[in-house]
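S.K.: 85 is the number that the numbering used here gives the last residue of the sequence shown; the numbers go up by one with no jumps.
It should be emphasised that the hints constitute simulated quantities derived from the structure, not laboratory data. Quantities reported herein were computed from a predicted structural model and do not represent experimental measurements. Backbone N, C-alpha and C fix where the C-beta goes; we use that ideal spot for every residue, glycine too. Take these hints with a grain of salt, some might be off.
[What the hints assert, rightly or not] Derived Cβ-Cβ restraints for the label pairs, each shown as a range:
no.: 1; residue 1: Leu69; residue 2: Val14; range: 45 to 51 Å
no.: 2; residue 1: Ile18; residue 2: Lys70; range: 31 to 37 Å
no.: 3; residue 1: Tyr38; residue 2: Lys70; range: 18 to 24 Å
no.: 4; residue 1: Lys70; residue 2: Ile15; range: 19 to 25 Å
no.: 5; residue 1: Thr36; residue 2: Ser4; range: 46 to 52 Å
no.: 6; residue 1: Ile21; residue 2: Lys70; range: 44 to 50 Å
no.: 7; residue 1: Ile9; residue 2: Val71; range: 44 to 50 Å
no.: 8; residue 1: Leu69; residue 2: Leu12; range: 34 to 40 Å
no.: 9; residue 1: Val71; residue 2: Ser4; range: 18 to 24 Å
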Amino acid sequence: MSLSFILLIIVLSVIRVIVMISMASIVIGTVIGTVTCYVTWAPTAITSNSFSEIRTRNIHTFSITQQKLKVQSQFISRNVIRGPL
1 MSLSFILLII VLSVIRVIVM ISMASIVIGT VIGTVTCYVT WAPTAITSNS FSEIRTRNIH
61 TFSITQQKLK VQSQFISRNV IRGPL
């Protein structure tokens, strides 16, 4: 096995680890955001009986989360194509 082949394997494995960590952070961030949304807004909506308000807020939060995911996935794909440097 040549040295360049070994270096290629090392570089690809590093890129794979970076992508896996990025994807895990997106999932963890989405879960934390969803839990925070329900913990902070749900009691207010339930006590004031304004379920339409909590639904509107959840839809808004979901759209913001979707936008963040789209931007982060574009950032990840650009880094994978260009490489870490």
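S.K.: Any of the earlier hints contradicted here, and which numbers?
M.R.: Hint check: 1, 2, 6, 7, 8 and 9 fail, others pass.
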